[in-house]
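Residue numbers (my numbering), protein chains in the order written: chain A, 242 to 356; chain B, 46 to 155.
Keep in mind that the hints were calculated from the coordinates and are not lab data.
Values in this document were obtained by computation on a predicted structure and should not be read as measured data.
It cannot be assumed that every hint is accurate.
Computed cross-link-like contacts, BS3-like style, restricted to lysine-lysine with a CA-CA straight-line distance of at most 30 Å [said to hold, decoys possible]:
{"no.": "1", "chain 1": "B", "residue 1": "K97", "chain 2": "B", "residue 2": "K114"}
{"no.": "2", "chain 1": "B", "residue 1": "K97", "chain 2": "A", "residue 2": "K298"}
{"no.": "3", "chain 1": "A", "residue 1": "K298", "chain 2": "B", "residue 2": "K154"}
{"no.": "4", "chain 1": "A", "residue 1": "K242", "chain 2": "A", "residue 2": "K298"}
{"no.": "5", "chain 1": "A", "residue 1": "K298", "chain 2": "A", "residue 2": "K254"}
{"no.": "6", "chain 1": "B", "residue 1": "K48", "chain 2": "B", "residue 2": "K114"}
{"no.": "7", "chain 1": "A", "residue 1": "K298", "chain 2": "B", "residue 2": "K114"}
Chain A residues, not near chain B, derived (Cβ > 10 Å throughout) [stated by the list, open to error]:
{"no.": "8", "residue": "L252"}
{"no.": "9", "residue": "R256"}
{"no.": "10", "residue": "T261"}
{"no.": "11", "residue": "L284"}
{"no.": "12", "residue": "P302"}
{"no.": "13", "residue": "S311"}
{"no.": "14", "residue": "S320"}
{"no.": "15", "residue": "T321"}
{"no.": "16", "residue": "R352"}
Sample of chain B residues facing chain A (criterion: CB under 7 Å; computed from the structure) [to be verified]:
{"no.": "17", "residue": "R61"}
{"no.": "18", "residue": "G88"}
{"no.": "19", "residue": "P89"}
{"no.": "20", "residue": "Y91"}
{"no.": "21", "residue": "F145"}
We put the CB at the ideal spot given by N, CA and C, even for glycine.
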Amino acid sequence: KAGVTQTPRYLIKTRGQQVTLSCSPISGHRSVSWYQQTPGQGLQFLFEYFSETQRNKGNFPGRFSGRQFSNSRSEMNVSTLELGDSALYLCASAPGVQGGTDTQYFGPGTRLTVL
Amino acid sequence: DAKTTQPPSMDCAEGRAANLPCNHSTISGNEYVYWYRQIHSQGPQYIIHGLKNNETNEMASLIITEDRKSSTLILPHATLRDTAVYYCIVRVTQGGKLIFGQGTELSVKP
Numbered sequence: 242k243a244g245v246t247q248t249p250r251y252l253i254k255t256r257g258q259q260v261t262l263s264c265s266p267i268s269g270h271r272s273v274s275w276y277q278q279t280p281g282q283g284l285q286f287l288f289e290y291f292s293e294t295q296r297n298k299g300n301f302p303g304r305f306s307g308r309q310f311s312n313s314r315s316e317m318n319v320s321t322l323e324l325g326d327s328a329l330y331l332c333a334s335a336p337g338v339q340g341g342t343d344t345q346y347f348g349p350g351t352r353l354t355v356l
Numbered sequence: 046d047a048k049t050t051q052p053p054s055m056d057c058a059e060g061r062a063a064n065l066p067c068n069h070s071t072i073s074g075n076e077y078v079y080w081y082r083q084i085h086s087q088g089p090q091y092i093i094h095g096l097k098n099n100e101t102n103e104m105a106s107l108i109i110t111e112d113r114k115s116s117t118l119i120l121p122h123a124t125l126r127d128t129a130v131y132y133c134i135v136r137v138t139q140g141g142k143l144i145f146g147q148g149t150e151l152s153v154k155p
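Assemble the whole structure, with the sequences as input and the hints as a guide.
Pasting the structure below:
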């Protein structure tokens, strides 16, 4: 079974621009979560989507948004980029089934550099 | 979600067992213990999880104390490729975010 895929793997943007990152979950998984990893703050939760609805949200400004499509693929968008948004953005998928442990499996990440 | 405490770094000789401790004294009855590892700049890799019984899979063993306030991840025969940051996380089984601490940086040396 193919793992979580993220595109693009690397991205360079300038301040003020916006960016869209894409995540394709493991086949059959319905939950997709996004995380930001920086050297200073470590791994931080951004948000989780399940069945096209945002189910959980971390403590990030409204410039960070996401969505999930009917095929469970997800995108996250960052508007008005700041230098501090330079980070590794990680997507994780989970089955989302009730009654069992909902282990999250991570993709390779998208490395975003803001100049 | 409960907080976890891990040593910041550990060394292990290649071929020996690596025992990584984790304290989670405020864990709730419905929270599982999860372990992930992250090799430099890659996505975290799921290793193992458990509730109260010891667990073993092809990668590692997880030993949880009877009071569930601490656990140990055991890599039975560490190799150089096991050099990574290991994260211990406690969370409820369904949904919810993973709260990553600073983890333990394991260095496996020849």
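Structure-based check of each hint:
Proposed proximity of K97(B) and K114(B) is supported: the alpha carbons are some 10 Å apart, at most 30 Å. Restraint check: the Cα-Cα separation between K97(B) and K298(A) comes to about 29 Å, which is no more than 30 Å; the hinted pair holds. Taking the CA atoms of K298(A) and K154(B), the gap is about 40 Å. The hint is violated against a cut of 30 Å. With a C-alpha separation of about 29 Å, the suggested pairing of K242(A) with K298(A) holds against the 30 Å cut-off.
Straight-line distance between C-alpha atoms of K298(A) and K254(A) comes to about 25 Å, which keeps the hinted pair within the 30 Å bound. A threshold of 30 Å between alpha carbons decides the hint, and for K48(B) with K114(B) the separation of about 11 Å falls inside it, so the pair holds. Note on K298(A) and K114(B): the hinted pairing holds, with a Cα-Cα distance of about 28 Å set against a maximum of 30 Å. A cut-off of 10 Å between C-beta atoms confirms that L252(A) is not in contact with chain B; the least separation is 15 Å.
At roughly 23 Å, the least C-beta separation between R256(A) and chain B is larger than 10 Å, which holds for a residue marked as non-interface. T261(A), annotated as away from the interface, keeps every beta carbon of chain B farther than 10 Å; the closest lies near 19 Å. Under the 10 Å C-beta cut-off, the non-interface status given to L284(A) relative to chain B is violated; the minimum distance is some 4 Å. Once the 10 Å rule is applied to beta carbons, P302(A) is consistent with being away from chain B; the minimum gap is 17 Å.
Under the 10 Å C-beta cut-off, the non-interface status given to S311(A) relative to chain B holds; the minimum distance is some 19 Å. Every Cβ of chain B is farther than 10 Å from the Cβ of S320(A); the closest lies at roughly 22 Å, confirming the non-interface assignment. Its beta-carbon lying about 25 Å from the closest one in chain B, T321(A) satisfies the requirement of being farther than 10 Å from that chain. The beta carbon of R352(A) sits about 8 Å from the closest Cβ of chain B, which is not more than 10 Å, so the claim that it is off the interface is violated.
The beta carbon of R61(B) is not positioned within 7 Å of any beta carbon in chain A (closest approach about 28 Å), and the interface hint is therefore violated. A distance limit of 7 Å between C-beta atoms decides the matter here; for G88(B) the minimum to chain A is near 4 Å, and the interface restraint holds. Of the supplied interface hints, the one on P89(B) holds, with its beta-carbon coming within about 5 Å of a beta-carbon of chain A, less than 7 Å. For the restraint placing Y91(B) at the interface with chain A, the shortest Cβ-Cβ distance is roughly 6 Å, inside the 7 Å limit, so the hint holds.
Interface restraint check: F145(B) against chain A, minimum CB-CB distance 4 Å, threshold 7 Å, status holds.
In this structure, the hints that do not hold are numbers 3, 11, 16 and 17, in rising order.
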